[in-house]
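Each chain, written out:
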Amino acid sequence: MAENLILEVQHVSAGYHESGLFGRSSYEEVLHDVSFTVHQGEIVGLAGKSGTGKSSLTRVILRLLEPSRGRVIHHAGKPQIVFQDPYSSLNPVYTAEWSVEEPLKISGQYTAAERKRMVHEMLEQVELPRECWSARPDELSGGQRQRVSIAAALIQKPRFLIADEPVSALDVTIQAQILKLLLQLRKELDLSYLFISHDLNVVYQLCDSVLIMNDGRIVEQGPVEDVYNHPKEEYTRQLLAAAM
Amino acid sequence: MLEIRDLHVKFHNRNREAVGGISLTIHDGEIVGLAGESGSGKSVTAMSIAGLLPRKQCSYRGDILLNGKDLLHADRSQLRKLHGKEIGVVFQEPMSSMDPLMRIGEQVGEVLRIHTKLTASQRREKALEAMASVELEDPEKVYRSYPHELSGGMLQRAMIAAAIVSEPSLLLLDEPTTALDVTIQAQILELLKKINREKGTSMLLISHNLNIMRKLCTRVAVMQRGLLVETGNTADVYEHPQHPYTKQLIDAIPTREGRQKWQRT
Ligand SMILES: Nc1ncnc2c1ncn2[C@@H]1O[C@H](COP(=O)(O)OP(=O)(O)OP(=O)(O)O)[C@@H](O)[C@H]1O
Ligand SMILES: Nc1ncnc2c1ncn2[C@@H]1O[C@H](COP(=O)(O)OP(=O)(O)OP(=O)(O)O)[C@@H](O)[C@H]1O
Ligand SMILES: [Mg+2]
Ligand SMILES: [Mg+2]
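Sequence lines, in order, name chains A and B.
Everything in the first sequence is counted per our numbering, starting at 1 for the first residue and increasing by one.
Everything in the second sequence is counted per our numbering, starting at 1 for the first residue and increasing by one.
Any given hint could be a false lead.
[Unchecked claim] Label pairs and their calculated CB-CB ranges:
1) A:92 x B:120: 29 to 39 Å
2) A:8 x B:191: 33 to 43 Å
3) B:3 x A:88: 29 to 39 Å
4) A:35 x B:76: 50 to 60 Å
5) A:238 x B:191: 18 to 28 Å
6) A:35 x B:236: 47 to 57 Å
7) A:18 x B:117: 26 to 36 Å
Hints were generated in silico from the structure; no laboratory data involved.
A virtual CB, placed ideally from N, CA and C, is assigned to each residue, including glycine.
Build out the structure end to end from the sequences listed, making use of the hints.
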């Protein structure tokens with residue numbers, strides 16, 4: 001694996017301000033002293049139970065949430081993201097084709113004909129049926145919507161992609177197809193991924209290393225084989241036992 | 001109790017029917033699983049039962065009878081009466097079906113406000129109880145939160161709480177645990193079993209996760225391209241799948257052994 005760093009997260013703590021009663025505002029920290037790195041070509045899994053801070057961590061990396069301590073260093077520019085809820089990343093009035101083409105238009109690097117070809121190729125790779133290409137988000141099934149948001153992120157050939165539960169709404173056959181696509185792109189383009197999933201089997205199949213999160217802390221990290229075969233933390237053992 | 005007879009749904013802007021003539025019965029107290037490909041018509045079927053089809057955008061025919069009452073052709077005001085009282089629905093994407101400006105607790109208690117004479121504090125009590133039963137930690141705090149302040153999995157559990165709070169006789173659960181890790185998933189499945197056992201609630205469980213179906217359902221139906229390609233007792237379907245797509249679904253369940261196979265391709 002290349003030694004080039006893509007992302008460094010150093011001692012990050014972060015949380016949310018809530019406006020309480022009588023105009024008082026309180027601050028609740030949900031991430032505590034989180035540190036890890038992502039190297040070029042590496043697929044890092046992030047797993048842990050619901051409400052533990054995984055999506056909040058992606059917000060910090062994307063600078064949508066300001067850390068109260070620590071810092072985030074991007075060595076390869078801004079990452080792309082596939083959000084957990086596809087509705088929040090897709091424009092409700094755009095067709096599937098349009099949503100995927102939009103980022104290419106903004107980049108201004110391609111002619112209209114090149115864009116069409118690239119968009120169609122990508123929509124085929126995520127197995128979106130042709131009859132859905134001109135559909136708006138509310139005219140798609142849950143899994144179709146998710147595939148459109150994956151296509152819109154991947155078409156930009158980002159060096160670093162953050163994917164928050166990207167395959168949770170997909171049936172196993174299409175899930176397998178998407179995971180293969182991610183691996184193929186990594187091979188071709190040396191992409192890096194931060195891959196969030198509550199499905200430890202999927203993490204095991206796809207990822208090189210894994211971060212296990214509990215209550216806003218990374219409680220265990222390392223190569224997937226090590227963590228899965230010799231979990232150090234009781235919490236990791238519980239997660240693994242439940243997944244089998 | 002629920003009988004679907006030859007249901008067809010076709011959206012005007014599509015060539016193929018989203019649902020191409022399916023028939024399915026759910027008996028009193030039964031939990032039936034509906035599995036199948038993404039885009040095969042599972043959610044459209046559930047929306048037809050719930051009376052939530054976008055009627056202007058599609059044509060539909062067939063019958064959906066709930067205890068003899070027609071749901072497919074009933075008008076909106078009749079359907080509204082059934083909602084929450086007789087049918088509880090958990091939608092596939094919780095964020096899109098929640099009101100972003102209303103506190104979670106109020107949304108969970110909403111059906112009680114519409115359908116019962118309970119006082120505000122009794123409703124609050126019931127809502128908190130339902131929220132605790134779906135394993136939401138600190139229900140009081142979640143009660144006061146707005147949807148955007150919850151994680152994906154917390155929102156999904158709030159949605160389940162809202163569907164069960166009024167103890168409907170039929171629950172439609174569209175991918176109710178996709179956002180949940182295995183430990184919480186297991187607890188939710190236990191809860192659904194318990195509700196089924198104690199209250200006799202019938203359920204239609206839509207999921208692409210066959211492991212979940214095996215744990216919960218007495219019967220499963222598998223859909224592909226708008227059609228039911230296989231139905232049967234859960235154990236039979238697992239052990240002797242007949243249709244090639246069902247076989248594919250069972251074979252494709254991710255396992256740790258799968259890793260080797262993949263990384264090499
Ligand atoms: N905008 C917000 N305002 C206040 N609190 C928030 C906000 N967003 C998230 N939280 C809280 O932060 C905590 C962590 O949430 P986060 O969404 O990061 O969890 P997660 O690990 O992604 O969970 P899931 O697997 O369910 O998606 C939760 O307690 C949640 O209620
Ligand atoms: N409002 C609509 N207008 C046009 N087509 C629609 C509309 N809603 C759904 N469809 C189409 O109907 C088909 C069935 O969709 P449905 O949502 O029932 O799939 P599903 O089986 O629930 O899939 P998933 O597992 O991905 O959620 C899909 O091809 C979808 O694109
Ligand atoms: Mg999340
Ligand atoms: Mg669906």
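May I ask which of the numbered hints given earlier this structure violates, with the numbers listed in increasing order? Violated hints: none at all, because every hint is consistent with the structure.
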